[in-house]
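Participant: If you want the building blocks of each chain, they are given just below.
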Amino acid sequence: MDARTEEFLAHVQSGGLVEAGDWMPDEYRKRLTKFVEMHANSELMGVLPERDWILRAPTLQRKLALTAKIQDEAGHAQLLYRIVEDLGKPREACLDDLIAGKSKFHNVFHYPTKSWGDVGVIAWLVDAAAIISQKALLKCSYAPYARIMRKICWEESFHILHGRDVVLTLVTGTDGQRELVQEALDRWWEPLMMFHGNPIPADDDPMVQWRIKSQPNEEARQQFLEGYVPQVWELGLTLPDPKLARADDGTWTYTEPDWEKLMAVVSGNGPASAERIAFRRLSRAEIDWVSRTVLAEAA
Amino acid sequence: MSTVVFEVFRRERAGAPMQHAGSIVAPDARFAEVYAREQYGRRGESTALWLVPREAVDEIEDFVDEFDLKYRRVDGYSIKERLKEARERAGAAAPRAG
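Protein chains in written order, with this note's numbering: chain A, -3 to 295; chain B, 33 to 130.
Treat the hints with care, since some could be wrong.
Here are some chain B residues pointing at chain A (derived, C-beta under 10 angstroms) [claimed, not checked]:
1) 52
2) 57
3) 59
4) 63
5) 75
6) 79
7) 91
8) 93
Each pair of labels, with its calculated beta carbon distance range [claimed, not checked]:
9) B/111 / A/157: 47 to 55 angstroms
10) A/293 / B/85: 17 to 25 angstroms
11) B/103 / A/-1: 31 to 39 angstroms
12) A/84 / B/94: 32 to 40 angstroms
13) B/80 / A/287: 24 to 32 angstroms
14) B/96 / A/287: 40 to 48 angstroms
Chain A is nowhere near these chain B residues, computed Cβ spacing over 12 angstroms in every case [what the hints assert, rightly or not]:
15) 37
16) 58
17) 67
18) 80
19) 95
20) 105
21) 114
Keep in mind the hints are simulated off the structure, nothing from the lab. In this text, a Cβ means the ideal position worked out from N, Cα and C, and glycines have one as well.
Working from the sequences, and respecting the hints, build out all of it.
Facilitator: See below:
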């Protein structure tokens, strides 16, 4: 490692921040760009599982809340692609790579939704898992990303309440409604357990070394379990892992997820991956005339 | 594609300063206004926005600290010691009225 890079590393490791115009080591820029790009992709793709339910929402209020949530996610994708652009990768290149399957997005958005129960479980627990990661990113060494995370975290605050409200409405409804939630939980638990990634010790995780991530994967998962498993169990719902338990020292034990399966899913081999990417490809082609018209008119 | 980066500033409530909030890309000022209203105003979170093309912003980043400027700072004055001495001279250990 050359002297300038060592100095940069010492700077970020002692809490120093980096702005868009600052010099940064190539490795830092590459890793950061890939990370924010994956986040942007995830916001964009995260729209799709929920979008399916706008026309099938059970009440007008739910339709409005769901639409607003989706609008927020699309907006967050815009904000995050903007950050990637300032790091040197144009937005069009990001969309090209997403559609070509060359870049990744979070595992949870590679799965289909089957019922309104899924909508509640996703907005409650997937968003909860995401908020834990996003709160940790408030301490990211790259200041533009940390600042935009404050905006994103504030805007996401109603999303999780909407999800929890949907779930609580269902579990205090008919047996059939309750069953929708339980069935959705049984399917979503595995991807939720995988969401924060395989455990990597902080010293071995370059993302933590560069202070892009301030929280190792396992710590995030433990925080998720500690916060949300009791909330699931107190509703009388079950989770499909017989080993899931809280030890006396406060740590949660669980059946080890199949990490190779996670890798396969985020590489585009999830149950809904192909369908979702195909949708993106199609909608991009369909709206191409809009961007061409806008740019021509503005010229 | 010719798009312009606009820096967005927002005022959160009456009396608050304009603060840098982020940036957007748009082909021109008309589209910039639409996008800024979406991203930084649709939740009722701002009372005002400023949009400034990034190239119009002049940045100053180098500040040279040649002198010890402690006289400009609150921690540059050692009042406690001198006050103790002054009180002793005035013949009292603690402050008194009159």
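Participant: Compare the structure with the hints numbered earlier in the document and write down the numbers of the violated ones, lowest to highest.
Facilitator: Of the numbered hints, 6, 12, 15, 16 and 17 do not hold.
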